[in-house]
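Student: Next come the chains, spelled out residue by residue.
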Amino acid sequence: QQKVQQSPESLIVPEGGMASLNCTSSDRNVDYFWWYRQHSGKSPKMLMSIFSNGEKEEGRFTVHLNKASLHTSLHIRDSQPSDSALYLCAASPSNNRIFFGDGTQLVVKP
Amino acid sequence: GGIITQTPKFLIGQEGQKLTLKCQQNFNHDTMYWYRQDSGKGLRLIYYSITENDLQKGDLSEGYDASREKKSSFSLTVTSAQKNEMAVFLCASSMWGESSYEQYFGPGTRLTVL
Numbered sequence: 012q013q014k015v016q017q018s019p020e021s022l023i024v025p026e027g028g029m030a031s032l033n034c035t036s037s038d039r040n041v042d043y044f045w046w047y048r049q050h051s052g053k054s055p056k057m058l059m060s061i062f063s064n065g066e067k068e069e070g071r072f073t074v075h076l077n078k079a080s081l082h083t084s085l086h087i088r089d090s091q092p093s094d095s096a097l098y099l100c101a102a103s104p105s106n107n108r109i110f111f112g113d114g115t116q117l118v119v120k121p
Numbered sequence: 009g010g011i012i013t014q015t016p017k018f019l020i021g022q023e024g025q026k027l028t029l030k031c032q033q034n035f036n037h038d039t040m041y042w043y044r045q046d047s048g049k050g051l052r053l054i055y056y057s058i059t060e061n062d063l064q065k066g067d068l069s070e071g072y073d074a075s076r077e078k079k080s081s082f083s084l085t086v087t088s089a090q091k092n093e094m095a096v097f098l099c100a101s102s103m104w105g106e107s108s109y110e111q112y113f114g115p116g117t118r119l120t121v122l
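Note that the protein sequences, when read in sequence, are chains A and B. Taking my numbering, the leading residue of the first sequence gets 12, the next gets one more, and so forth. Taking my numbering, the leading residue of the second sequence gets 9, the next gets one more, and so forth.
Worth double-checking, as some hints may not be accurate.
If you want the footprint, here are the derived chain B segments under chain A, 3+ residues with CB under 8 Å [stated by the list, open to error]:
hint: 1; region: 19 to 25
hint: 2; region: 114 to 122
Far from chain B by the CB rule (all over 10 Å, computed), these chain A residues [said to hold, decoys possible]:
hint: 3; residue: 50
hint: 4; residue: 60
hint: 5; residue: 77
hint: 6; residue: 94
hint: 7; residue: 113
hint: 8; residue: 114
Facing chain A, from chain B, some residues (calculated, C-beta under 8 Å) [stated by the list, open to error]:
hint: 9; residue: 15
hint: 10; residue: 98
hint: 11; residue: 110
The set of hints was computed from the structure by calculation and includes no laboratory data. For glycine and all other residues, C-beta sits at the position ideal for the given N, C-alpha and C.
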């Protein structure tokens, strides 16, 4: 069973719009969440991490975490064509083993 | 900063062939990982190694062997390549401790089996 579920599978937003991506873990031992971004033909790079309940903002990117429901979301405001990529959610208990979801493919249309 | 290098960048093999992929990192990280990524999909863990000479199976270890020769290098062997298999194999590394840490990825090895 997949430990990390992401939705939607794909998302198209207009340039300047808001993109919202969701991620839930089925493993109650999970303590850490990351969002990785992977541009086409490139390797994944960590975008943001969140380990405590609440919200974290970095520029146009905001992540939320609800530890009780093991749900995290990533919101991208003022989306740009350069934000088009595969967004991977990752979750981990405190044992160095990270589980990745299947990703959300984001397309930002000019 | 540091870097992860993977060789070769492209690998073309024949059905049934044994193929070896190599990964080197200079972050001085303890933990190294091998993932498989099929086109447009997520990452599936094949093997990981917490420290030199350690080896832990991931969800996709069947059909693969791995070797952590030294702290900086981690090799993956496809024991018998499957016909028409196409995937990208990503190596990653991270620190290790009583927590969990960001992973840094190499550029990948693209495998095609004829």
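Student: Could you run down the list of hints and mark each one as holding or not?
Tutor: Verification of the supplied hints:
1. 19 to 25: violated (count 0)
2. 114 to 122: With 3 residues in contact (Cβ-Cβ under 8 Å with chain A), the coverage given for the region 114 to 122 of chain B holds.
3. 50: For residue 50 of chain A, whose nearest Cβ neighbour in chain B is about 12 Å away, the distance exceeds 10 Å, so it holds.
4. 60: 7 Å, violated
5. 77: For residue 77 of chain A, whose nearest Cβ neighbour in chain B is about 19 Å away, the distance exceeds 10 Å, so it holds.
6. 94: The claim holds: residue 94 of chain A sits with its nearest Cβ about 17 Å from chain B, beyond 10 Å.
7. 113: Violated, because the least Cβ-Cβ distance between residue 113 of chain A and chain B comes to about 4 Å, which does not exceed 10 Å.
8. 114: 5 Å, violated
9. 15: 15 Å, violated
10. 98: 6 Å, holds
11. 110: At 5 Å from the nearest chain A Cβ, residue 110 of chain B passes the 8 Å test, so the hint holds.
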